[in-house]
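Below are the chains, spelled out letter by letter.
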Amino acid sequence: MPSDLAPILVADRLAKAFVAGQQRIRALDAVSFAVAPGSITGLIGPDGAGKTTLMRLTAGLLVPDAGTIHVFGLDATRDALTVQASLGYMPQRFGLYEDLTAQENLDLYADLQGVPKGERANRYAELMHMTGLQPFVNRLAGRMSGGMKQKLGLACTLVRPPRLLLLDEPTVGVDPVSRRELWEILDHLVTGAGMSVLLSTAYLDEAERCQDVVLLHEGRLLDRGDPGEMSARLTGRTWAVAAPERCRRRLQMTLARIPGVIDAIVHGDAVRVVTAMEGFPPALATLPEMADSEATPVPPRFEDIFVDMLSRHATAAHVPAIPHDTPAHDGAPVIRVADLVRKFGDFRAVDGISFDVRRGEIFGLLGANGAGKSTTFRMLCGLLPASSGHLEVAGHDLRHSAATARERIGYMSQKFSQYANLSVRQNLDFFASAYGLAGAERTQRIAWAEEEFDLGRYHDHLAGDLPLGYKQRLAMACALMHGPDILFLDEPTSGVDPLARREFWQRINTLALSGVTVLVTTHFMEEAEYCDRLVIMASGRILSLGEPATIKAAARSPEQPHPSMEDAFIKLVEDAA
Amino acid sequence: MSSRHGSAMRLKALVRKEFLQIVRDPSSIAIAFLMPLFLLLLFGYGVSLDADHVPVAFVAEQPSADSRDFESSLRGSHYFAVSPLRTMPEAEQALREGTVNAIVRLRANFTEQLRRADGAPIQVIVNGVDANTARLTLGYLEGAWGNWLARRAEASGRALNVPVQMEQRIWFNSEMKSRDFLVPGLVAIIMTLIGALLTALVMAREWERGTLEALLVTPASMSEILLGKIVAYFVLGTGGMLLTVALAVWQFGVPLRGSFWLLWVCASLFLLAALGMGLTISTLARNQFVAGQIAIVGTFLPAFLLSGFIFDIDSMPLAIQAFTHVVVARYFVSIVQTLFLAGDVWAIVLPNALALLLMALFFLGVTWRKSRKRLE
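Chains A and Y supply the protein sequences, listed in that same order. Heads up: the first sequence is residues 1 to 577, going by our numbering. Heads up: the second sequence is residues 578 to 953, going by our numbering.
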């Protein structure tokens, strides 16, 4: 916590707004905090929280509308040049020149930072040792994996050791091994070299690795302090509820609607519950649905704090009804993939993968950027022909009848693919037409979409002006317009806040319970827990396939009796190497 | 280390980075080398504003020695490709089908009329769809007819009864080859491509990829970052100019009558103005698509259409003539055409060069003022 030393960064009622279209967005709204030297401070929040704006203000790249920001005791806006001279700043996507090799990037930044030629050999050796990039110095940055780029970006920023290191979302989409290595490097820099680090992230589990966190949401400061102490406030309110005989998804839905429960998510075999009050509510324990269940206390996590805080502000979320008939997984596979290969030139993006997906199952594809998830998805949707292998969706071989198979599937792409300059209603109309809906069916489906996704109040708004969560709802409504049997979701939740993410998964659960098969890609390890089964992918191959609990159990060792999904992933990658 | 030394090191690093990027990025190479070559070949060999081997139907209703003599004189000219046809309906059909562009008709009483004092009228029908070619064809046919009459008169020892004779002298491009006039103008087009379009694109790419954001937080000043771009693309643009001039002179045989060094100086001024435009565009547009659109509509098309490169400015409507004064390429096209075909005509070169200098200062000044070491 705040040390006795003078703070290295002080933000005082900092405000910044941007004009986008017809709206004025308050990126930061009277945010005040201080950062102690010699520590890692995390700027935590979903997309649109104001993290990047705060980073840019710190680096003197933006001028605040109101308030001040001081770095090293200097005004970061007025004395930008002096402040920048002692800063290291890595923007999103790492600021690397992709046409230059690793060495050329390093040389460029060394020249720009005025590192004397005589000192370079030692400095480079140190950085290469730290990042493990020595074998790749002559590789073009554009040809590197996300994890390598991340480390090269960091090396370029560190080529002249800064007093304060600013890292804007350095871990997005990067594989967990590289993520873990980055954190080790940062710990070393702070403890060994006394550097101060300000790092932004949308991954809430990373908050726990910071000494100090600043929690932002929609431009406002929600809370700040020691993440451990913050989580500790929820001690006695977090539980794992297990009912071996029941469908955990149904159990989760039951728990989520009980008053006094602010959060219930599927986690492994159990349902993780956060209660509003300390202690497991007795009312809950006596419910008939809970007869054969067992609640055990679990330690609180940082995400619980965020959800707790957000749910106090948020209006009651729309909770979908639990569908009545539950077609159990009948075991018949609706998707069959065998020895699937996709080559681009001599690069094998997907390298011989096989799996089956059963009806009503939620099936996950977990992996870092570049693991081959999206390529697999495009092949399954019939958007990209396979180089070789067998591919069957809803009983149709995609080689011969891709169009017929496509009528049975819905696809929600990674990027917002609705028309930004059409209204919500016009988008729904368009997608209804695109799927060939007409007459009463069309009217009924559009009404269903507006009702189910609560889009009625944004009826005439342009899709591009919608808040992020509503954009996501609209995209999903369009994907479900024709009532598909199979739903493909490509990274559906990146960047949304935890409440929106929960609401989204509620819908997915409802769909799965009513018999829709759902395939989802994600790089959130956490989300893998919500799946019935999943594959872990790296470099176009499947490293592991199975239920989340089985995959985690395989990574169990004396040192790690309760491995997380991330631990399991890292072990699989290391074993494969 | 002195700050000047640091600045030189930074500038050198930035310029080296630009060159590495140019060499490794296929789209830069395409715009800097392939487009110029393509344009040179297209305008050097493909596009011609001259009429050559125009297909002409020749109808002599009653062939005679005279009609055959006139026909063979037409055949002797490279302007025409003559196809003799028997009857007028056949010729009209050919004109309708587009196999010929003109019909020359000698009536049955051609020889008889030829001997009379008021001459022998021949009928000429020209396809007027392409007005330019039609006018040229008509002019060539009139000339061919006049020449033939004159030769005949000379041979028979009689003076031709034409009251006034016109003697033509064509200066500067005596063969009236449109290639000699188009290829020098290409220097302006190619330098616009490299200076404005490519520079706007690469700067927008730095915004898009977030690399500029990283550069801005280093000790490199905005002037150093801009200067790095200017130096690299100035060298590339000069290369484009040299390539065009070399091909014009050695490959296409265009005479360079003025001073090469004067051309170099003027080209450098124009290049600075083009770079200024490219960088000004990049302060407005931070993605490659928009930057490309603005650069094409704002610099490339005006250089193509409104600079006098193809279309004569003096024959444009007055309002458009007035507008061409803000087209930078106009001043440079005027200089290159003069230097290549006429020579060092200071009365033309000086005022135009002054205009280029002012425009270069203006656009570089705008870039300087608009570029802050900030993201807004």
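These are calculated hints, taken from the structure and not from any lab test. Don't take each hint at face value.
In the DSSO-like style, the derived pairs of lysine-lysine whose C-alpha atoms are separated by at most 30 Å in a straight line are [as the list claims (entries may be wrong)]:
1. A:Lys117 / Y:Lys589
2. A:Lys117 / Y:Lys754
3. A:Lys471 / A:Lys415
Remember, predicted model here, so these are calculated numbers, not experimental data.
Verification of the hints:
Proximity of A:Lys117 to Y:Lys589 is assessed by CA-CA distance (about 14 Å); at most 30 Å being required, the pair is judged to hold. Distance hint between A:Lys117 and Y:Lys754 is unfulfilled; the C-alpha atoms sit about 58 Å from each other, more than 30 Å. With a C-alpha separation of about 10 Å, the suggested pairing of A:Lys471 with A:Lys415 holds against the 30 Å cut-off.
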